[in-house]
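Engineer: Fit chains B, C and D to the given chain A structure using the hints.
4 protein chains.
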Amino acid sequence: MLVLSGVVPTPQENRGGLQDMVHTDLVRTITRYARTVREPALVLQELDEAVSRAFGQGGEPGPVYLDFPTDTLRAEVPLRVQLDEHFRPKPPALLMPDAKAVDAAVELLWSARRPLVITGRGARGAGSELRRFLDKLGAVYLDTGESRGLVPDEHPSVVAAMRGTVMTEADVVVTVGRRLDFQLAFGSPAVFGGARFVRIADAPSELRDNRRGEVELFASPTAALAALSSAAGDRPSAVDREWAAGLRKRHVERAGKLRATMASTPDGSDGRMHPNRLLAALQAKLPRDAIVVADGGDFLSFARVGLSCSSYLDPGPFGCIGVGVPFGIAASLAFPDRLVLVATGDGSFGFNAIELDTAVRHRAPAVFVVANNGAWQIEVHDQASTYGRVAGTRLQFADHAGMARAFGMNAERVERADELPGAIDRAFARRPALLDVVVTPEAVSADAKSGLAWVPDLQPLAAWDDAERAWRQG
Amino acid sequence: MLVLSGVVPTPQENRGGLQDMVHTDLVRTITRYARTVREPALVLQELDEAVSRAFGQGGEPGPVYLDFPTDTLRAEVPLRVQLDEHFRPKPPALLMPDAKAVDAAVELLWSARRPLVITGRGARGAGSELRRFLDKLGAVYLDTGESRGLVPDEHPSVVAAMRGTVMTEADVVVTVGRRLDFQLAFGSPAVFGGARFVRIADAPSELRDNRRGEVELFASPTAALAALSSAAGDRPSAVDREWAAGLRKRHVERAGKLRATMASTPDGSDGRMHPNRLLAALQAKLPRDAIVVADGGDFLSFARVGLSCSSYLDPGPFGCIGVGVPFGIAASLAFPDRLVLVATGDGSFGFNAIELDTAVRHRAPAVFVVANNGAWQIEVHDQASTYGRVAGTRLQFADHAGMARAFGMNAERVERADELPGAIDRAFARRPALLDVVVTPEAVSADAKSGLAWVPDLQPLAAWDDAERAWRQG
Amino acid sequence: MLVLSGVVPTPQENRGGLQDMVHTDLVRTITRYARTVREPALVLQELDEAVSRAFGQGGEPGPVYLDFPTDTLRAEVPLRVQLDEHFRPKPPALLMPDAKAVDAAVELLWSARRPLVITGRGARGAGSELRRFLDKLGAVYLDTGESRGLVPDEHPSVVAAMRGTVMTEADVVVTVGRRLDFQLAFGSPAVFGGARFVRIADAPSELRDNRRGEVELFASPTAALAALSSAAGDRPSAVDREWAAGLRKRHVERAGKLRATMASTPDGSDGRMHPNRLLAALQAKLPRDAIVVADGGDFLSFARVGLSCSSYLDPGPFGCIGVGVPFGIAASLAFPDRLVLVATGDGSFGFNAIELDTAVRHRAPAVFVVANNGAWQIEVHDQASTYGRVAGTRLQFADHAGMARAFGMNAERVERADELPGAIDRAFARRPALLDVVVTPEAVSADAKSGLAWVPDLQPLAAWDDAERAWRQG
Amino acid sequence: MLVLSGVVPTPQENRGGLQDMVHTDLVRTITRYARTVREPALVLQELDEAVSRAFGQGGEPGPVYLDFPTDTLRAEVPLRVQLDEHFRPKPPALLMPDAKAVDAAVELLWSARRPLVITGRGARGAGSELRRFLDKLGAVYLDTGESRGLVPDEHPSVVAAMRGTVMTEADVVVTVGRRLDFQLAFGSPAVFGGARFVRIADAPSELRDNRRGEVELFASPTAALAALSSAAGDRPSAVDREWAAGLRKRHVERAGKLRATMASTPDGSDGRMHPNRLLAALQAKLPRDAIVVADGGDFLSFARVGLSCSSYLDPGPFGCIGVGVPFGIAASLAFPDRLVLVATGDGSFGFNAIELDTAVRHRAPAVFVVANNGAWQIEVHDQASTYGRVAGTRLQFADHAGMARAFGMNAERVERADELPGAIDRAFARRPALLDVVVTPEAVSADAKSGLAWVPDLQPLAAWDDAERAWRQG
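Residue numbers (the numbering used here), protein chains in the order written: chain A, 94 to 567; chain B, 94 to 567; chain C, 94 to 567; chain D, 94 to 567.
Bound conformation, chain A alone (with noise of 0.2 Å):
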């Protein structure tokens, strides 16, 4: 993302002009690249600079900032040094991986007999290699929240259902541009056991944290994975089939019941319906490429399972909230032929509720879900269990649709998990549209069972906190 602003002109700087504050003092560390432009005929190459950083062009992509105080913006920038090397495109350079440490890594992942693939944000684009791959070396496979969609359901690799047995089984685990965040457990050997790790990542952050491979490939993932295709040739897997086989049996079976158990999931003791259904009720309608933008804190927990799609965007490792109605925004804007869902909670929604003006007037045609419990339940759930009290985290079980009709959007308020299919019909054919589904505050996460909310010490979930301080006591 490329930011650009204004700031104070230059004669008035640090003199209490209006809004006059060192913006990039503030962006710096949470941008890869942060500049003030003062120097006009330095417009053009700051721009190239910031567009490649951005993308990541030698370091690793993300957010950029430049601001231009007004007197640079109302400058002129000569006309010689407006090169037309500032105006080409620039296509992406792949990076290619060093053949020795493709050799080894051939050599280290041909003779596993229990390989584990999972990927991550630098992953992206790399679908048919990676499938290709997997299918090659009989791998099993996880996705995360990063890369959902790479590699469809259908898939014998997927065991998506068994993450927890197989990340505990897994004799060699291949991270192709995905950190070994908390979402992993760090890669410790607490929970991944006696497992080497091959590393495949284009950004150092993805390259080596937590765990340093047995080999690292320093490389674009897909030549990566084309690399060690290639080099594999011929050569026959040692991996177990029986094992693998095993694991994608008791995953399709896991995932059926779920599938299941959701759309069968009873309401609560008030009455209202339990979320399951709803995500049961919108995943029986979604389309194969829909776009799901999942956001909230207690709803994120049940959607992250709930939802299967080709592509998905939730809150991410900074849990930033709120990202749900501006994402669906943007992604149906940017893909108006694919379905946009967004599946929020309602505290979530409040954060740019306002947005829905915005889809309005933009006539962005994303569909918008709202797990309407009244409350910030994860928080409610901690306070209630560790404190015995609740302060300030009820919230009414506002008319959200009612608030979306203020702006012109199709918006049905819906109590009952009947009246899903049709309300979810008529969504669907008249985006933008929102539906207000009232489900039950009984229903409780899997994150506030386990511990994402009180953030145990060593591991962020408690049965990793546990296995972490047993392995480390020897």
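A hint or two may mislead.
To be verified - What follows is a set of in silico ranges between Cβ atoms, one per label pair, in the way DEER data are often shown: (1) M114(D) x D382(C): 31 to 39 Å; (2) D118(C) x P329(A): 36 to 44 Å; (3) A427(B) x T479(A): 28 to 36 Å; (4) G155(D) x L95(A): 24 to 32 Å; (5) S478(C) x G155(D): 32 to 40 Å; (6) D360(C) x F148(B): 58 to 66 Å; (7) A484(C) x L137(D): 21 to 29 Å.
No lab work stands behind these hints, which were simulated from the structure alone. Virtual Cβ for every residue (Gly too), placed ideally from N, Cα, C.
Structural biologist: Positioned in the frame of chain A, the structure of chains B, C and D alone reads:
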């Protein structure tokens, strides 16, 4: 303001824990103090220091940030270090002025012919000493948004409507707890001529920015003003009474004319009412001790002038629009016995409109009035006149009353000026309440006209910028 | 201190110009103020502000940094903005204390039985008011390295040699312009028992760090002390005169004994003299108004105690060893009529030894005495006792006199104590001069013994650390 | 470089502990990575990451800083987290170039008529592939201080003495691991005309600063050069052989003439020898594989040109003068079998002259030659010509040989050119050794003459600045 926050447990820091980032680096430049408290034994001491900094004890007051890794939060503070001193209230100390400087100031001020007193943030709470000082000296007086209401409109020193004239004519200018920032032309001789300055402040930022005082009193404004009045004793002021009285007379006439004009400003060609009509109707109903929160881009430019009250808040010199709704909620909870009016444009309203839900849940008895002109009008004006086309800055005339009702708030839409008095009465009576008042986007505000929006190089307003250029060239 | 610097021209900034880096970011955390001045019209205003900050006007005094792109340096400052006010000297204002707080302090102090006064940086210049205050109250007194010489050794309040005892026994402790930092056990009750504190300072950092005062006087120390003496009037002090006199008596005995012991400390087994012999010989010749600059690791530990003088400088709480030579040069140029003695260890001497050349060229009449024990002895001691081997911390007994002579300075090497008096006389007579005095590395300093070098967790000294642990456990 | 440091124990942090400051904030902007390691369990992981960053694995190589609170230093690293992977050496991976980009580069290069290759930091270690590439393509070549010695003077591509001409005439410029910084006129068309660029680098800072490459190869220079040679195969180069040979011929003539001139440059009017005489005498004795460290202001300007060698270090683009002595010590300890010559001016020498003592103690077999002109001559020249007076920049012709002998080093003072050969032989034979060679301050260096010292606005040299202005105006 004191912000307390949590941060990732120390053992997960820099490993990619959930929300693993250095908060203090992010807020460093916008806080007075920002610390991560890692040592349980120092928790009380850090809180003590944080509170002192926030109150500006020995520095400048402002926001303070502390965060605590969750392992610190879980730790015990040793009983012995829980000293009484940390729990004791610390009454703010008065900073007393240097007697020699006081004498020098009296000499300068009591010899002045056309003294002008201007107050700001630091003068809050010094109202009675300020009025006594004005009475003794016979100076004329200008307030600023930071210290609105210290001196009532009836006071003979008040010449607010003659701001431009008095800034040019004064021979001695006293700033009391006020920066000479863009709102005061940086104190430039181009605007203030040969006036000499007396600076009074308990914070360096309000003591010597842009212009050095011929006398500078680093002291609590209350104490400094009392010391000046006392040191002057019965010394007769040299003020040109005719000049002062003449300014006051013209001020009264202009202010009266303004009120009259506002109440009768004709509708736009689109048949929608002028924002001044709304302001006049509000002013007519406003109790003397009302708290007004003004917010907006264009609308703020009208409201700043059109509303008179004893307590006033607005987005301030950083132009942080969107503060209206939350400021109003907070003020109404802190002062439940006073009427709190939020007067906001529709663009700024959107930032935090969702907090209407908060107002309802917490029964915050504020009145929210949205001047709905369906636009970021100051931007529309700028785009149209500068570039000849308008992009992304036109809003819908959204149904904000409908939105408020969706959250359970009393709300009405008002489209005709003659409906205002009744609607205002009903809103004042059934708080929290919202009025969504449709106004014409054709009204051109002072800020849109005079330059604040297009940011001249040397001064924030076109007239001052012209004066500055002329003056610099000698 | 005000540092002015140049920086790359704006058009070459961020292009890789010569020395293209952001200086202000580098010095931000070690300066009070750091700015790049880009606007020629603001040059005088920035210099004015910089000087004010450096002098601590309205904040804490300290280093200030300004840099100027060379294009700013080449630009003209418009004549009209060269205002008189920027060239006018600004006499430092006195901060006067709050009368109520003064009364509260008098009540507490004049009721105290065993009051102790401790001074620091902020008390400089307040000597006569301090002595008057001590006389009136009858308190005992400890100085610190920051404010050495305010109260002469002969004054009956001085009990420096009883430091440990008096810190434990005092019932009220007054800090005057002094932080309660590691040198004062952080003011911990573990060391100061139940003593109540009165804090007097004109800088927040010396007002409330670590311990809150029962009374806190934010005021210029001179003004605060004067106000206390004046408010006390003829009120008789409640001081336990016997206690105070007893402490003084023991102080005088100990100090006498120390002087005697120092002068006769036997040589090491290596036949080299003990550093105390050197210090005793220097003290015997030192004029009353000498300025002493002490520097070193181990040697500082001896010199801090062994040299008494009216003005004293050392590396301070950041332990910036190496300051001896440059401080001495500066002091001797600033006070050419007073004897300036630099007493430094050979390790620290090396940092800036080359500046002897500067001393010669600028005829800076300082005397440099190097206590040459051929080692970073405090490190040698630590390495040997902790790890059993010594690496990289033994120096040669280099010929520093030879080095000084190479730069044209009078210099002698002294190897026997009985040569000292004559050598010192010659050095004092032919300044600048250097004495390279060989001393034994066998002398074990207090810092090497007691913990400063091995940094206990809770307190800087082993004894205090033990006390702190015992106290915290109740 | 990896810097490890200690910091105050956590319980004393922010309390005013000894040396209580945030080191990481201080070094942030001048390191690649700076962290405080608070968690004992992460010590090995942090060290691992620090080493990777210092070596530039996946980023830019450079200084890395870690500090450890003393409580971390005293803690145990749990045995189980002491993983093998942290102790394993990690061989640097090769970054391979994208094949498409290689083809594009070959097409451009093998069609070029007047290709120029320039190397820098990133090309170190790529000497043999570089020479193979130059031979195949027939390009001309310029080195820079960062990569001196990769291509021997005898190689037909070397045209160093024709630098100005070749920069103007080249039609394609290849940078290999080299920034287009001030030393290369920022790659401006004002100097390089219409040349097209090929950029080769494994660090973004050397890939696209100031000029975008028509082709950009983000790859290890060795790998990139090999790939280019290989892809070109037998394709005949289009180089204008006559042009290349002509340049080489003129280079050989000029270089020969320079050598001859240097050896016979007449003394100054003060009878002191010209620095070039010293350089000529040194060059005559220098072994082929000598390591030269040049340091100084004015003298560096002579030495940069006058000394030819296979390994070369100087203060670099930040102009960190004073590095000569320590760099020389380090180099001589790292390469005891090669002759290490430090050629430094007397001003720069002073910064770290005391480290001669270190050289003696550690028997670092370097030769230090001080060109002693008794001045910061580049400043003297600037002050005299700009302001007409000289302040503080004249030194004494100090007896640096005497100083060296005081530390036990072999040292001679040389005042006449005919004494040089013998003195140099003796110094080379009895290392460490120092020659203090008196030279005339009348010699005016290129930097003093041409602008580096007075910093023009657009380009670092007067001639380039003129060209840039002319070009920009079209």
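Engineer: Give a verdict on every hint.
Structural biologist: Hints versus structure:
1. M114(D) x D382(C): 31 to 39 Å: Cβ of M114(D) to Cβ of D382(C): about 34 Å, so the range 31 to 39 Å holds.
2. D118(C) x P329(A): 36 to 44 Å: Given about 57 Å between the Cβ atoms, the range is violated.
3. A427(B) x T479(A): 28 to 36 Å: holds, 29 Å
4. G155(D) x L95(A): 24 to 32 Å: holds, 26 Å
5. S478(C) x G155(D): 32 to 40 Å: Since S478(C) and G155(D) have Cβ atoms about 37 Å apart, the given range 32 to 40 Å holds.
6. D360(C) x F148(B): 58 to 66 Å: holds, 60 Å
7. A484(C) x L137(D): 21 to 29 Å: holds, 23 Å
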